[in-house]
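**Q** The primary structure of each chain is shown beneath.
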Amino acid sequence: MTHDTPTFTLAELAERLGARLQGDGTRRVGGLATLRDAGPDQVAFLANRAYLKDLPDTRAAAVLLAPAHGEACPVDRLELDNPYLGYAELSRLFDPLVGRAPAGVHPTAVVADDVTLGANVAIGAQAMVESGVVLGDGVVIGAGSVVGADTLIGADSRLHANVTVYHGVVIGARAILHSGCVIGGDGFGFAHDGERWHKIAQLGGVVLGDDVEVGSCSSIDRGALGDTVIGDDVKIDSQVQIAHNVQVGDHSALAGCVGIAGSTRVGRHCMLGGGVGLSGHLTIADGVQVTGMSLVTNSIHAPGVYSSGTGAMDNAHWRRNAVRFKQLDDIARRLARLEKVGRRG
Amino acid sequence: MTHDTPTFTLAELAERLGARLQGDGTRRVGGLATLRDAGPDQVAFLANRAYLKDLPDTRAAAVLLAPAHGEACPVDRLELDNPYLGYAELSRLFDPLVGRAPAGVHPTAVVADDVTLGANVAIGAQAMVESGVVLGDGVVIGAGSVVGADTLIGADSRLHANVTVYHGVVIGARAILHSGCVIGGDGFGFAHDGERWHKIAQLGGVVLGDDVEVGSCSSIDRGALGDTVIGDDVKIDSQVQIAHNVQVGDHSALAGCVGIAGSTRVGRHCMLGGGVGLSGHLTIADGVQVTGMSLVTNSIHAPGVYSSGTGAMDNAHWRRNAVRFKQLDDIARRLARLEKVGRRG
Amino acid sequence: MTHDTPTFTLAELAERLGARLQGDGTRRVGGLATLRDAGPDQVAFLANRAYLKDLPDTRAAAVLLAPAHGEACPVDRLELDNPYLGYAELSRLFDPLVGRAPAGVHPTAVVADDVTLGANVAIGAQAMVESGVVLGDGVVIGAGSVVGADTLIGADSRLHANVTVYHGVVIGARAILHSGCVIGGDGFGFAHDGERWHKIAQLGGVVLGDDVEVGSCSSIDRGALGDTVIGDDVKIDSQVQIAHNVQVGDHSALAGCVGIAGSTRVGRHCMLGGGVGLSGHLTIADGVQVTGMSLVTNSIHAPGVYSSGTGAMDNAHWRRNAVRFKQLDDIARRLARLEKVGRRG
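Residue numbers (my numbering), protein chains in the order written: chain A, 1 to 345; chain B, 346 to 690; chain C, 691 to 1035.
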């Protein structure tokens, strides 16, 4: 099947976006591209001043931009105060994936007898939905995905192919779970007897709020006692690890390769850069941003931007400095001694 | 299906745990919770002094704790010298998952003709077990999991859903492999001809000892020549990467997002914190602990705690210091010069 | 099925490798091992001077080595200028996996009606190949793998078990994709309205060149607009995350746990060590090497080796130095002040 991208007139787009149209409302466009790449049947957008240089030469049918840049636009335009938000809306309008999943249960899917299916549920080939599961209206379960017993998935949520959700997980509405992600695996809990490890059964679950997205190959472990809780509108990128009993507040965003250790609470509207690590049992305030690959070992009590580490430099230069890092306490003490001598002198 | 959590009398629990009961042995409890959350039909535990504050107000039917805290306990109690170990045991007693997997091969599973199945093996829906595989008694293969040709899996091991084990892997008894984990993918080996890479076929395998647990989305690569070897009772968290020909000694524990490069040998009873990276071809002694996100580029010859990196601070403060890191060798030289002047002066 | 490793005479091996044989060409060998482990029916190799010590005592039938070491070899030998490259070739000759996958579509696989299959395609049990897919000659799709609609996969590419490729992805010839890897999941793109996140549909795709290998549990996200592009002969290890619209140049190699943020361009012949992180929107020149766990936040314009971070040391020592890192700017200022005093004095 070849999927035709939908087409819209500029007047239709203006109405959908709530934008002010300057140009020919009957003109029809069939795609979205950058200022540089857009052809004469596509709409482009300007949401970042860095691309202002591409505006004069664009071949787009029309450009979505802020009113302040309207004058400089050589073609028809859609003016909107927040063009980046408008771009997000446009991208969804032109998404050929929308409506692609046919409703219905594929004959090769295995669905337990007592599963509750909402209206227009789609379950893909080779999927497995275990006993006691409840799937809300419009839920899509991708090919090869497995939904464990007694799990609840809210309306219009989509599991892409080869997703795994364990038993007893609760997922809100409009979730998007990407391939390879795992929700509800055991948290890492063991008691030591001096010689061997004894497994602590992970009796809690995972609760995802509404509008949560989880990227490819990410994992969110179930709680030891009580649940791991991800708030509403939390966005989680690929290769992220969230340990047992972590709580992430509403509207927070976690970039790729983030790792959060057990029982840490991340506030609302936080942003964790790629590869950030949070130790266990911390409290991170609302509105905290942590830059990429920083390690956070203490709680953060105030909003703001936090960082650790040192940027890359050429290896020879780095070696000389890294060696000195190991002498840093010594350097500081020697400096203090000199200062004392100076003052005495 | 709704799974009833099992119930026990306090006398039964005391016997199972080897604990001393102070209270009503006929009292029946049906769950485990924290001191704060436990209701009157549940048992709680005190294994960490930080929660001692919750003891006076607990509503639990009984509390598992150390004899030293017995006096302070307002309800029935189970006294045990290592209550954390007792908690681990309790958690397993109350695990509703135990016994959940029905024995038998699901009709949609594909099992090669020459596979050897022990007693009470369960193979889930959409699973694939290739030629020559041997599954010990009580092995559970989750839905959608794939077991490659000639692989051996020991008694009572459980692969959760969507696990992948390549060909020629050996897994001991009582292993727990979580969803999305991959055992036996190719190690990263290529020879360079000055322009292009030439693949080195990875002819070794992977050997996991007894009582190994591997978390969600973790990967353990097969050896180039000879095997990657994970000892007995090694516990591996989620999102961990273990490269070809690594050896991990018995009873070691690797937290989430750890990465170990090729041919490194980790000793027994080691603990690697979240996100720790070990370079290739190192030897790490028994009893080494490495704190979270540390990079280890040299062998470690003595037990102890090791660390690298710098903790997070507010971004403006960090920027000023990180810039100075690049001048550190210069700072050290200038300090030495001043000291010399001081001595001459 | 037990797979016999193929056997070769030394003369055959010499011819295949283009090596000079010193010894009995009719001697037959049936495997490859290290100098130390090889038995009298196996061939060994010496490609690294560190193993020269094992040469005198080897029990191998023959050794592949550089002419310079020929004299020291106690057994038959195959001389080649680049023995490591020869080892790569030998490893592939002795790979029992070659030819293991039977051609044909397994009866449990689901293949859409309009899929185009080349000659000798093999599709494993429980796999799903969606509408519009084109598979070149000799393609192998492993058990449980899912190939999304309209994806193209070039000749002789192999997807191992439980791989997921989304819709609209283009994969070149001779690709090797390991289990658990995900190609074409959504990039991490959201617009913020001041309170909530709005998803940006990821309308681009992923293009992999020829001879690309992707390790277990790695993820390569699709582009927002335009494609994520991986060049020819790029080798990607396990647990790697490549974000939307990244470009990686031909012949580059990315070790385990690397993370590359959105729109960054990595040059040709680059090597990124394990756990390296690259920020978004950077340009990395051809021939750049970055050592393990370094963070790169600025573009790199010249070939060379780059590093960041500090090596591990014992925890007590580290604590003293890490505290001083937070005083580093202050230390530098105090030193400058002392120098000034010195000059005045």
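Calculated from the structure, these hints are not laboratory results.
A couple of the hints might just be wrong.
To give an idea of the chain A side of the interface with chain B (calculated C-beta under 7 Å), a few residues [claimed, not checked]: (1) 176; (2) 180; (3) 201; (4) 241; (5) 261; (6) 313.
Positions of the beta carbon are idealized from the N, C-alpha and C atoms, including for glycine.
**Q** All hints are to be evaluated individually against the structure, with a verdict given for each.
**A** Here's how the hints hold up against the structure:
1. 176: Violated, because the Cβ-Cβ distance from residue 176(A) to chain B comes to roughly 17 Å (cut-off 7 Å).
2. 180: holds, 6 Å
3. 201: holds, 4 Å
4. 241: holds, 4 Å
5. 261: holds, 5 Å
6. 313: holds, 6 Å
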